[in-house]
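Start from chain S and add chain V according to the hints.
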Amino acid sequence: MREGLAVAGPDKMLTEVEAVAELASGMTIGIGGWGSRRKPMSVVREILRSDLTDLTVVAYGGPDVGLLCRAGKVAKVISGFVSLDSIPLEPNYRLARQDGSIEAAEWDEGMLLLGLQAAAWRVPFLPTRAGLGSDIPTEMPDLQTVRSPYPEATSGEHEELLAVPALDLDAAFVHQNRADNSGNALWLGEDPFMDDLFVRAAKRSFVSTEQVVATDDLAGLADVTHLRISRLDVDGVIDAPGGAHFTECPPDYGRDEAFQKRYAAAARSDEDWAAFRTDFLDIDEAGYRAKVDELAGTEAKG
Amino acid sequence: MSTDPTPLRADVCAVAIADAFAGDGERLCNPIGNLPLIGGRLAASTTEPHLAITDGYYTLLDNVPPVGLTEDERRDQRTVAHWNPYREMFGLLWQGKRHVMMGPVQIDRFGNANIAAIGSWSQPKSQMLGFRGAPGNTINHTTSYWVPKHGPRVFVDSVDVVCGVGYDRAAALGPVASRFHEIRRVVSNLAVIDFESDDADGIPTMRLRSVHPGVSVDEVVEATGCELVVPDDVAESRGPTPEEGEQIERLDPTGLRHREVPES
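Protein sequence lines correspond, in order, to chains S and V.
Every letter in the first sequence is one number past the one before it in the numbering used here, and letter 224, counting from 1, is 229.
Every letter in the second sequence is one number past the one before it in the numbering used here, and letter 161, counting from 1, is 186.
No lab work stands behind these hints: they were computed from the structure.
There's no promise every hint is true.
Here are the in silico distance ranges between beta carbons for each label pair [to be verified]:
#1 V:Leu94 with S:Thr230: 24 to 30 Å
#2 S:Lys81 with V:His283: 42 to 48 Å
#3 V:His107 with S:Lys81: 33 to 39 Å
For glycine and all other residues, C-beta sits at the position ideal for the given N, C-alpha and C.
Chain V with its partners taken away, still in its complex shape:
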């Protein structure tokens, strides 16, 4: 590593997102948003070749096209393997062979996530997306999150509305109702967070897994408005291998990822 130049931040993020899907084998990799799509498709084209991906609409693909395509290009460049209209997507996710990556407006240390509204739900200060699929996703299959601007307004002590179910809420439901619940990873522009530490009640909580090259642990703690377990030794997030570097360029030839996560 020491001889390599520091990798670009957006590329580190793409690799960290790809790594979140490691071990998923044959299931639907369903990241939402540009960088999550790039990272998910990176996993599908390198380390996890049996992942299924979507075309963003109504089909599952058996190839891995680039992101940012026009409507005509999207249709031209897909190898359709399955018809997946919305009702079929609900069927698939209720069955459980899916790992989604969503973008939270707020998230707390147990992984409770808000995408619905800021303020009270009954009369929001700012209406956001509503609950959308977050409750059903989180209680039925693996979920990860992507935060492009890591800061104390996103990582909060307590979210205004629980849309995506976190580990404390899952624990309160009991082991049977929560048996399909897993929040695996939160990847941000600064760091990678997992839930591989417990609080006093044995409930999984946020733990700093790695910091991106050029980011200090203190910087991440400062930018995190909720409790974050920091191990004695925090790894540095890895950059892309040469093969991953090539795939990232193929998947995002116009550099959408750098617009989402610019070099600071």
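Chain S on its own, in the form it takes in the complex:
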């Protein structure tokens, strides 16, 4: 028990299965992380096991977006990019784009930040110069411009800027290095990415974490500036050690490059993809972890 008047947050622990059960087909889902970095992959794998369809996914995309596209879960992707970092082009997203099976909004990377920030601040848009003059406004004509009510200092002109619409999310999932059971969470790498904006931009937000710790221990784990996510923005906490695999989650673990290569290679043919699904996706999370460990053991010996 805490000293003084206790105002500890409520216990919000749940499992991937329980969190995904809160979702419905057609929802707009935000996924934190960046490319193939600190993605809530155990949640993504659970969405793959569900019967959800027709999702709109908002992300700085990596294998999360690729997997959901390949599984036919996605109607639309709104992204700043979709990449595996060490493999620049995400193979399953590429396939989905090239066969036209998804709708895409490919925003400037900075625009995505502004859309999330607008939703988190409950304003309808935020203005930016980014995107003007490019094919973004012509290829994505639902994007509108807005004229500044203020004259520009030198010219007196009322500038026209791109109005990035708020990315209001039905649900958001992020993966953090540590969290307490009510959703106060911290990252231990060098970049928080936009995870704090994702959880604030969503109606329902979920943090999966490498390790659940006592609230009293949080501030001792890192400088207080790393305590980026507050329980005020979080509805559920998922205990998910290894949950970002095969993306990186430093300093707990790096990216599993061998597994990522296997994933990217399997995406090239339907036959190889079917085998990959059987081996790694059409099983439960415990089965997945066992397969990954077994693989790592084989590769270490080999």
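Coordinates of chain V only, in the frame set by chain S:
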């Protein structure tokens, strides 16, 4: 020059890239890719010592380490001057103190650049990177480009998707919206191109600035699938000074640059 042996092509490219950052003073030099990194860091360690550089991830450095480091070496060999996570990078670039060098899939004579997709954007023949940061970069600060294989499929009349904004698009936006736009240089394995010539409407267009030693003007024109202004006298791209030569070796001890631009 006449007594010197012909410099290696990759070294000429590194120097030409460094020269693209000349005059930048105190701002973020942010080249993307191996040779651009070598050239940018060459500028930072010689002619433009006040440039800031990144470690490729989340910090700005006040030293100039070599390229091609392992993750442990990257952490060991950096003098961190500033925390620069992605959201901070957007803040910095929107403020404007940055010069980026990107690698286009296609580029036209106005400097419009495509990194997103080949074919139609709505359903590409070949999905590439998407727009990534190109629109925001080009409308907010100086941009240059690096083309490791100069050819007519890269230099095209019209790009399939405009990601990086070129001079005609900037002109159409008007002087206020485009006041931070500058495409400074395109450096390739054959030549250096700038935008110091105008078309009939006064819009800057590609001009051949120099050809690398051993490359003819005709060869460059042949390899350029868009209009290219060729002045009467085209200079030869310079090789490294002895000091630059030493720095290039220090910055790229394993010769990554020669893998990107081999001797022909």
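Verification of the supplied hints:
1. Roughly 27 Å separates the CB atoms of Leu94 (chain V) and Thr230 (chain S), a value that falls within the hinted 24 to 30 Å.
2. For the pair Lys81 (chain S) and His283 (chain V), the beta carbons lie near 44 Å from each other, so the given range of 42 to 48 Å is met.
3. His107 (chain V) and Lys81 (chain S) have their C-beta atoms about 37 Å apart, which keeps the hinted 33 to 39 Å range intact.
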